[in-house]
Amino acid sequence: MERRVVITGMSAITPIGHEKDRIVESLQKGLSGIKSLREEEFLSSYIHSKVYGTVDYPIEYDFKRNHRKTMGPVAYYACQVAKEVLEQSGLTEDLITSGRLGVAFGSIHGSPTTQRNIYRIFFGAEDKIAVKEIGAVDYLKSMVHTTAVNITKMFGITGRVISSGTACTTSSQSIGYGYESVKFGMQDAMLCGGADEYDTTTVAVFDNLLACSTAFNETPHKTPRPFDKDRDGLVVGEGAGAVMLEEYEFAKKRGANILGEVIGFACNNNGGDMILPNLSGITNTLKLGVETTKINPQEVDLISAHATATKMGDIIEAQAISDVFGKTPYVIGLKSYTGHTMAACGVIETIMTLYMMQDGFIAPTLNLEEIDERCAMLKHVQKVLHQPVNIAAIQNFAFGGVNTILMIKKFS
Amino acid sequence: MTRQEIEREVINVFQREFEIEKPDMDADLRETYEFDSIDAIELLLAIETFLGTEITQEEKKQAVNIRTITQICDYIEKIAKKRNLLLPA
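Chains A and B, in that order, give the protein sequences. Numbered by the numbering used here, the letters in the first sequence go through residues 1 to 412 in order. Numbered by the numbering used here, the letters in the second sequence go through residues 1 to 89 in order.
Where hints are given, some of them may not hold.
Pairs of lysine-lysine residues, derived as DSS-like cross-links and limited to a Cα-Cα distance of at most 27 Å, are as follows [unchecked claim]: (1) B:K60 with A:K222; (2) A:K132 with B:K61; (3) A:K222 with A:K20; (4) A:K69 with A:K83; (5) A:K383 with A:K311; (6) A:K327 with A:K253; (7) A:K64 with B:K81; (8) A:K64 with A:K29; (9) B:K82 with A:K83; (10) A:K383 with A:K35; (11) A:K327 with A:K35; (12) A:K410 with A:K294; (13) A:K132 with A:K64; (14) A:K287 with A:K222; (15) B:K22 with A:K153; (16) A:K50 with A:K229; (17) B:K78 with A:K132; (18) B:K82 with A:K132; (19) A:K69 with B:K81; (20) A:K69 with B:K82; (21) A:K410 with A:K83; (22) A:K69 with B:K22.
Hints are computed from structural coordinates only; laboratory data are not their basis.
Build out the structure end to end from the sequences listed, making use of the hints.
This is the structure in structure tokens:
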């Protein structure tokens, strides 16, 4: 059994805004969400990269205590976008709690804020009472599937739970595995996404690998610079996103507002190095993704590239795109606006692409001033294009050699 | 420590930690306030802090059947008495 899968809700908390209008305005006006790294008393003074994709606007949460008690900051983000997507989808409470709706949601490592507090208690403990403050609740806030199960608890969702924790492919896997769950009839709807909270340990990891941007510490909005000659690395960011996937006939029958369609997904592994991008692995992912859609690669209008703005990553990805899609699709790097929001990047980039489909424009890659000649074989976008987008691919790659591609289509 | 102080502290914990403004002393905590196993663990920790003494595993097991705030106060009173922390009324 293969069923069509449509999108009936989407919401994102991003460094360039929360509501659609604000995000679209940022994409059209070239407004960056990269700010100075916030000072904290832990790692910020040791990190060379002083920039961060920052959510610095207030979010009004309205969660009851019996939900809040198991939530770290990452779960607040996750539950907020989940709440908005459930409301937007218009699914009834009966359906939500029926077991026909599942959740695919993840973060890269639970709540690092909570984990840091555990270490503070552990290493600062002077007596047994203090050590006992590390309790079950802290685990529930920091475990890797904390986002998914705080969502199920808050909304009474009883279907399957998938909680990928595959670094930068976390939420693209969430959408992909959610899509397959609905497509093959295991669930009628899946709430899918990912979230990551503000965290300097992630910055420190990439900083130590010399993968972070450091040359634009005084001008944060000038970095990251995907495909640009002067790119010098990625910028870590925070955020969240969720989409509601539904079986098409069910969505149509209940009169749902259909926002787009997922038409394909592929995921593979490089089968080797855990860090270095791999041309063969990435190229195979893109080919597999196209194969699942049964369309011609030349029918793809737009590619949202992973494009973290690392030296080698962008070159390898450009080569893979060129090998599979040629020069037909426009190629953009949306992390130039938000930084790398880690577990959330796949879903945030999917939602931004859906906004572009809805409003008929293509946002340029920010800071792409002089294209690196090794990436120049693609159809880059350097200013806003007002034109329809029918089919798009969203590409994401992760540490551990995990590669994903999602294929989405404008619903008509 | 007196029974009155115990009751005052328990009510404080319910107001402060569990955001229940006027807790009913004899209401079923699970049914009325959605009190669950996580809350019970948090409560035991608050009781230990209040008493300034560790509650043994055996004593914790005895708390399993507690359903109301009055029963919580009885439980604390019993432990305080055992530790010679309770003043006569």
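Against the structure, the hints come out as follows:
1. B:K60 with A:K222: violated, 58 Å
2. A:K132 with B:K61: holds, 17 Å
3. A:K222 with A:K20: Distance of about 23 Å is within 27 Å: holds.
4. A:K69 with A:K83: holds, 17 Å
5. A:K383 with A:K311: Holds, at about 23 Å.
6. A:K327 with A:K253: violated, 40 Å
7. A:K64 with B:K81: violated, 36 Å
8. A:K64 with A:K29: violated, 38 Å
9. B:K82 with A:K83: violated, 49 Å
10. A:K383 with A:K35: holds, 22 Å
11. A:K327 with A:K35: violated, 34 Å
12. A:K410 with A:K294: Given pair K410 (chain A), K294 (chain A) holds - Cα atoms ~16 Å apart, limit 27 Å.
13. A:K132 with A:K64: Judged against 27 Å, a Cα distance of about 25 Å means the pair holds.
14. A:K287 with A:K222: Given that 27 Å is the threshold and the Cα spacing comes to 33 Å, the pair is violated.
15. B:K22 with A:K153: holds, 26 Å
16. A:K50 with A:K229: holds, 21 Å
17. B:K78 with A:K132: With Cα atoms ~22 Å apart, K78 (chain B) and K132 (chain A) stay inside 27 Å; holds.
18. B:K82 with A:K132: holds, 22 Å
19. A:K69 with B:K81: violated, 32 Å
20. A:K69 with B:K82: violated, 32 Å
21. A:K410 with A:K83: holds, 24 Å
22. A:K69 with B:K22: holds, 20 Å
Against the hints set out earlier in the document, violations occur for numbers 1, 6, 7, 8, 9, 11, 14, 19 and 20.
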